[in-house]
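Participant: Letter by letter, the chains look like this.
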Amino acid sequence: MPATAGAWVYTDVIDFNLTQSTVTYSDYSISQGGDGSASYRWLDVPTKATVISGNSCTDGSALSTPRTIPAGDTNYYGLFGGGAPGFCFLLRGRVATGQGSMTYYDGRVRR
Amino acid sequence: MSTRRRLPPRLAAVVVVAVAAGTTAIAVAGGAAPNDVTLAGALKDDKPIAFTPADIAWQGSELSQRAVTLGQRVPLPTGGNFNGIRWNDLQTATDDDINFILQFNAACQWLRAAADQRDVEATAAIWKLIPAWPAMRRGGNGDVFLAALARLSVGGTNEASVALTVCRESHERESMYATGHGRTPPA
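If you're matching them up, the sequences are chains A and B in order. Those letters in the first sequence? Residues 184 to 294, per my numbering, in order. Those letters in the second sequence? Residues 1245 to 1431, per my numbering, in order.
A portion of the hints provided could be inaccurate.
Which bits of chain A does chain B cover? Going by a derived footprint, with three or more residues having C-beta under 8 Å, they are [to be verified]: (1) 195-204; (2) 207-216; (3) 254-265; (4) 269-277.
Derived pair list, reagent style SDA-like, types lysine to any residue, alpha-carbon separation capped at 20 Å [said to hold, decoys possible]: (5) B:LYS1288 / A:ASP210; (6) B:LYS1288 / B:GLY1383; (7) B:LYS1372 / B:LEU1283; (8) A:LYS231 / A:GLN282; (9) A:LYS231 / B:PRO1297; (10) B:LYS1372 / B:ARG1395; (11) B:LYS1291 / A:ASP210; (12) B:LYS1291 / A:SER209; (13) A:LYS231 / A:TYR287; (14) B:LYS1372 / B:ARG1382; (15) A:LYS231 / A:ALA190; (16) B:LYS1288 / B:ARG1395.
Since the hints were made in silico from the structure, they are not lab data. Heads up, the beta-carbon is just placed ideally off N, CA and C, and yes, glycines get one too.
Turn these sequences into a full structure, and let the hints guide you.
Facilitator: In structure tokens form, the structure reads like this:
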């Protein structure tokens, strides 16, 4: 269940299992109370550099340049902005090239 | 990878004709016939979309070909096609990824058809089935589209819902992308 804090909607991402091929975790929609952007952070301290992105549900287009999150970084990283409330996007990710895989790590989407 | 399914004879014929006419493989990813309510109904029996990472991940031309194959099961309004979908932006995609985007894109095309009052009879019939498609069963997606559809009958197209606006914006991107790659843009 999504938890709300202030105007944003936060949704935990459980076991975002990543390899070097980009995978989809789930689809989400921009909330009524946010500013139209979507961001992602790791809750578990990542041991690898990861690449996280958002793609449109309607045509698969990349909504911005994928964000590289360094190993050890648990700050939020903006995925894209300008989405209307209800705008649907796919949360996707991979580990950085040459870093193998990273499994059972949890994160959070702010939208 | 050798997991491509055999197409039913009718659909296989469509592909053969298109290839014989000299079009590229991706250009025939036009979906099923607009009035094929049987196919639209069959999609509801597909397994739920779970975005399982362990599934085969397609990429490059194999991803495009897989989208052509899976797209033949998804009905579209007259003049509709999937030529504007940016499979390359995904880099890799599983069948769940492809099916989700195909179905979401098709729902957008049928919503625009309803707003523009195209294929009126087929549109009315298909909207009784679309909410049961696996992509629409996820997270209330179907409810969002049904609310947008209901708003059409109440407010007309002058008060476009967010869903319709998003679908129209996507259509602009799709048309630009398709045209830029020498393909027919969706209606």
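Participant: Could you run down the list of hints and mark each one as holding or not?
Facilitator: Here is what the structure says about each hint:
Counting residues of the stretch 195-204 of chain A whose C-beta sits closer than 8 Å to any C-beta of chain B gives 3, which meets the bar of three, so the coverage hint holds. Residue count for the stretch 207-216 of chain A with a Cβ under 8 Å from a Cβ of chain B: 6. That meets the three needed, and the coverage hint holds. Counting residues of the stretch 254-265 of chain A whose C-beta lies closer than 8 Å to any C-beta of chain B gives 0; at least three are required, and the coverage claim is violated. Residues of the stretch 269-277 of chain A lying with their CB closer than 8 Å to a CB of chain B number 5, which satisfies the three-residue condition for coverage.
This hinted pair checks out: LYS1288 of chain B and ASP210 of chain A have alpha carbons roughly 19 Å apart, not beyond 20 Å. At roughly 16 Å between alpha-carbon atoms, LYS1288 of chain B and GLY1383 of chain B fall within 20 Å of each other, so this suggested pair holds. As the CA atoms of LYS1372 of chain B and LEU1283 of chain B are separated by approximately 13 Å, the hinted pair is consistent with the 20 Å bound. At roughly 7 Å between alpha-carbon atoms, LYS231 of chain A and GLN282 of chain A fall within 20 Å of each other, so this suggested pair holds.
Of the supplied pair hints, the one linking LYS231 of chain A and PRO1297 of chain B holds, its CA atoms being roughly 18 Å apart against a limit of 20 Å. The suggested pairing of LYS1372 of chain B with ARG1395 of chain B holds, with an alpha-carbon distance near 16 Å, which does not exceed 20 Å. Proposed proximity of LYS1291 of chain B and ASP210 of chain A is supported: the alpha carbons are some 17 Å apart, at most 20 Å. For a cut-off of 20 Å, the pair hint linking LYS1291 of chain B to SER209 of chain A stands: about 16 Å separates their Cα positions.
Distance hint between LYS231 of chain A and TYR287 of chain A is fulfilled; the C-alpha atoms sit about 13 Å from each other, no more than 20 Å. For a cut-off of 20 Å, the pair hint linking LYS1372 of chain B to ARG1382 of chain B stands: about 17 Å separates their Cα positions. Under the criterion of a C-alpha separation no larger than 20 Å, the hint pairing LYS231 of chain A with ALA190 of chain A is inconsistent with the structure, at around 31 Å. Among the hinted pairs, LYS1288 of chain B with ARG1395 of chain B is inconsistent with the structure: their alpha-carbon atoms are about 24 Å apart, more than 20 Å.
Against the hints set out earlier in the document, violations occur for numbers 3, 15, 16.
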